[in-house]
Amino acid sequence: MSDPIRRLSEELARDPSSLVFLQLGEALRRSGQLDLAYKVAVRGLERHAHNADAHDLLARIYVDRDELQSAFDEWDMVLRLAPAHVGARKGMGYILFKQGKLGAAEEQLSTAASQDNGDPSITTALRMVRRLLRYAPNRDNGATALGPAELAAAQLRVEEEARLLFADILRDGEHTAMLLNTDGMVTAGVYLTSDGRDVAQEVGAQLSGVRDEAARVVRHLDLGAWKAIVYETDVATVALGPALDDSLVLVAAARSIPLGFVRRVLERCVQRATAWLGEVG
Amino acid sequence: MTSPFEELLASLIRHRGVLGCMVVGESDGIIVDANVQVGIQANLVAALAAALYRKARLSSEAAGLTSVNFLQLEAERGQICAAGRDGLVIVTVAEPRAQIGLIRGAMLQSVEALA
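Chains as they are written, first to last, in the numbering used here: chain L, -5 to 275; chain Z, 11 to 125.
Calculated from the structure, these hints are not laboratory results.
Computed from a predicted structure; not experimentally measured.
Just so you know, even glycine gets a beta-carbon here, dropped at the ideal spot from N, CA and C.
Honestly, I wouldn't trust all of these hints.
[What the hints assert, rightly or not] Some chain Z residues close to chain L (C-beta under 8 Å, calculated; not the full set):
1) 41
2) 43
3) 44
4) 47
5) 49
6) 59
7) 62
8) 75
9) 78
10) 80
11) 82
12) 87
13) 122
14) 124
[To be verified] Derived EDC-like pairs (lysine to aspartate or glutamate); straight-line CA-CA distance at most 16 Å:
15) 221/L / 206/L
16) 65/Z / 207/L
17) 65/Z / 206/L
18) 221/L / 38/Z
19) 92/L / 110/L
20) 221/L / 43/Z
21) 65/Z / 38/Z
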């Protein structure tokens, strides 16, 4: 048993009516001890039946146990107790998405986004659902649940759209571009090596840290918003530019390509990315 | 005592729009020598620019793109350029109107002197 879990357990043993069960249940859930987490949450709910966070905890444990309908019911209870609970809306949106009920998922995520527009994970999920809706059958209202095959087909089309986002700007040149979200995950574009492998996720994860460092520099030196970071290595020129919602466009080109051309490509890719993100924003 | 980088920095500061330039330790961000206009917070610029350059170099190497020769950060109210070699980085702070092409050329030439 880890130290924080032991400490929380002892605290709960000393005062069984304490709300510390919320922290203990969450710590157990995060450490993968789902049965124990479940017991703690259920016992806590026996004493605090009207605590929205306790129902939220139980819902998250259900999700980890892959009991999606039970999780949905718990979050439904959360919303009865606390109608503005963003986590419950987000969770219900996730479950509805997994069930192929895209219209309902969009509704929940849209409400969550309006209640907390600073959470990038909600915005990303909402954009994904809205894109899926464009490719889904019955897309007029999204009321009908999609079957697994239909959902998978829609997901494939969205992935293809994202992968080819910059294709017409780049054409067949010796350069590549991708769009990274605030966590450094690739949301569009590809990064192909000379032997044709797509290493976008690996490269994106490594290079997105440069953005955070640049943000620190401009903040401390009062330089205003940063517009571009360009750096040259022995083999490539890399250009980074900010897009909508803390997203980042990365263009990498062979050293043989003039720097000015790389900057032009970056500008066009940033415009494209901003428009793409905004169209379902 | 005369710094071995005095001449290098004097030639960089002469470029139009350059507000300051310095040679900085990459790992600690401490100034080795500097030539800056009044009002530039040299120590702060040195520490931040060295950290940015270091981050870019490490990220670039991890991504398989080899080490960084030259870096430019362009912001609304100014630009930071950095070029490094053997644990030292030449850092230049410039106004938005500065001719980065010329500054870049001069910095890449100067970086040889860091060896």
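Checked hints:
{"no.": "1", "hint": "41", "in the structure": "violated (15 Å)"}
{"no.": "2", "hint": "43", "in the structure": "violated (20 Å)"}
{"no.": "3", "hint": "44", "in the structure": "violated (15 Å)"}
{"no.": "4", "hint": "47", "in the structure": "violated (14 Å)"}
{"no.": "5", "hint": "49", "in the structure": "violated (12 Å)"}
{"no.": "6", "hint": "59", "in the structure": "holds (7 Å)"}
{"no.": "7", "hint": "62", "in the structure": "holds (5 Å)"}
{"no.": "8", "hint": "75", "in the structure": "holds (5 Å)"}
{"no.": "9", "hint": "78", "in the structure": "holds (5 Å)"}
{"no.": "10", "hint": "80", "in the structure": "holds (5 Å)"}
{"no.": "11", "hint": "82", "in the structure": "holds (5 Å)"}
{"no.": "12", "hint": "87", "in the structure": "holds (4 Å)"}
{"no.": "13", "hint": "122", "in the structure": "violated (15 Å)"}
{"no.": "14", "hint": "124", "in the structure": "violated (16 Å)"}
{"no.": "15", "hint": "221/L / 206/L", "in the structure": "holds (13 Å)"}
{"no.": "16", "hint": "65/Z / 207/L", "in the structure": "holds (7 Å)"}
{"no.": "17", "hint": "65/Z / 206/L", "in the structure": "holds (10 Å)"}
{"no.": "18", "hint": "221/L / 38/Z", "in the structure": "violated (26 Å)"}
{"no.": "19", "hint": "92/L / 110/L", "in the structure": "violated (22 Å)"}
{"no.": "20", "hint": "221/L / 43/Z", "in the structure": "violated (29 Å)"}
{"no.": "21", "hint": "65/Z / 38/Z", "in the structure": "holds (13 Å)"}
Hint violations for this structure: numbers 1, 2, 3, 4, 5, 13, 14, 18, 19, 20, all remaining hints satisfied.
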